[in-house]
Amino acid sequence: MREKTPEGAPQETISGAQKAAILLFSLGEDLAAEIAKNLDEDELKKLGTSMSRVFSFAPEVFDSVFAEYHQLASASTPLVMNQGQRSQFIKNVFSKAIRGEKAQALIDEISLKGKWNLFQKVRKLDARTLANVIRNEHPQTIAVVLAHLDADQAAAILDELPLRVQTDVLYRIAQLERVPPAVLQEIDQILQEEISLVENVEGGKVGGIRSA
Numbered sequence: 122m123r124e125k126t127p128e129g130a131p132q133e134t135i136s137g138a139q140k141a142a143i144l145l146f147s148l149g150e151d152l153a154a155e156i157a158k159n160l161d162e163d164e165l166k167k168l169g170t171s172m173s174r175v176f177s178f179a180p181e182v183f184d185s186v187f188a189e190y191h192q193l194a195s196a197s198t199p200l201v202m203n204q205g206q207r208s209q210f211i212k213n214v215f216s217k218a219i220r221g222e223k224a225q226a227l228i229d230e231i232s233l234k235g236k237w238n239l240f241q242k243v244r245k246l247d248a249r250t251l252a253n254v255i256r257n258e259h260p261q262t263i264a265v266v267l268a269h270l271d272a273d274q275a276a277a278i279l280d281e282l283p284l285r286v287q288t289d290v291l292y293r294i295a296q297l298e299r300v301p302p303a304v305l306q307e308i309d310q311i312l313q314e315e316i317s318l319v320e321n322v323e324g325g326k327v328g329g330i331r332s333a
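Just add 121 to wherever you are in the sequence shown, counting from 1, and you've got the numbering used here.
Misleading hints may appear alongside valid ones.
[To be verified] Label pairs and their in silico Cβ distance ranges:
id: 1; residue 1: Asp280; residue 2: Ile156; range: 24 to 32 Å
id: 2; residue 1: Arg299; residue 2: Ser136; range: 37 to 45 Å
id: 3; residue 1: Asn213; residue 2: Val319; range: 42 to 50 Å
id: 4; residue 1: Leu297; residue 2: Leu318; range: 26 to 34 Å
To be clear, the hints were calculated from the coordinates, so they are not data collected in a lab. Glycine included, every Cβ here is placed at the ideal spot set by N, Cα and C.
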């Protein structure tokens, strides 16, 4: 779900991860990096993803979040960061908090999660329709796609595939390592094109929209 914090949003509508993101942006890179050093990898992923999705927040939101953590602060103007500024801030903070290739791996993953269209069209399809779209893809490609979908949706899609393909794909998912962002984007683009092609042939939407 998209984590966009609107200006002036009531405090109760802001998630914990969004509040943490607001705090870190407000503290600056050095202090934010010191805080990030105390988080584990899963916490860093969640926080980094929220940071990439916070577009702006009004002074009253800033004050409300700080008050909750018993800190006094004020802001005369809204904090607004474009995509490039957010990405650079996250990169600098994580590079200071984590050394080596692990930092870049986390940055790449967070960067992808902050892009709303990645597998967006795929996620809207029901399991049977999507299985029909990807069943002729290489098992490694299928494994990559399923690994980046919700567990329930991935399981439902897998169940629609032939048994021999299921076994191969499950093995590849278990062995799957970090996939370069460029590869994920290429796979997503190919799938979007295939879905659009089927839509054009059928003269409408492919399959049904999966239920929430």
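- prompt: If you check the beta carbons of Asp280 and Ile156, does the distance land in 24 to 32 Å?
  reply: 42 Å, violated
- request: With 37 to 45 Å as the target window, see if Arg299 and Ser136 comply at their CB atoms.
  value: 26 Å, violated
message: Holds or violated: the 42 to 50 Å window for the beta-carbon distance between Asn213 and Val319?
response: 43 Å, holds
- request: Please test the hint of 26 to 34 Å on the beta carbon pair from Leu297 and Leu318.
  value: 27 Å, holds
The structure shown violates the earlier hints numbered 1, 2.
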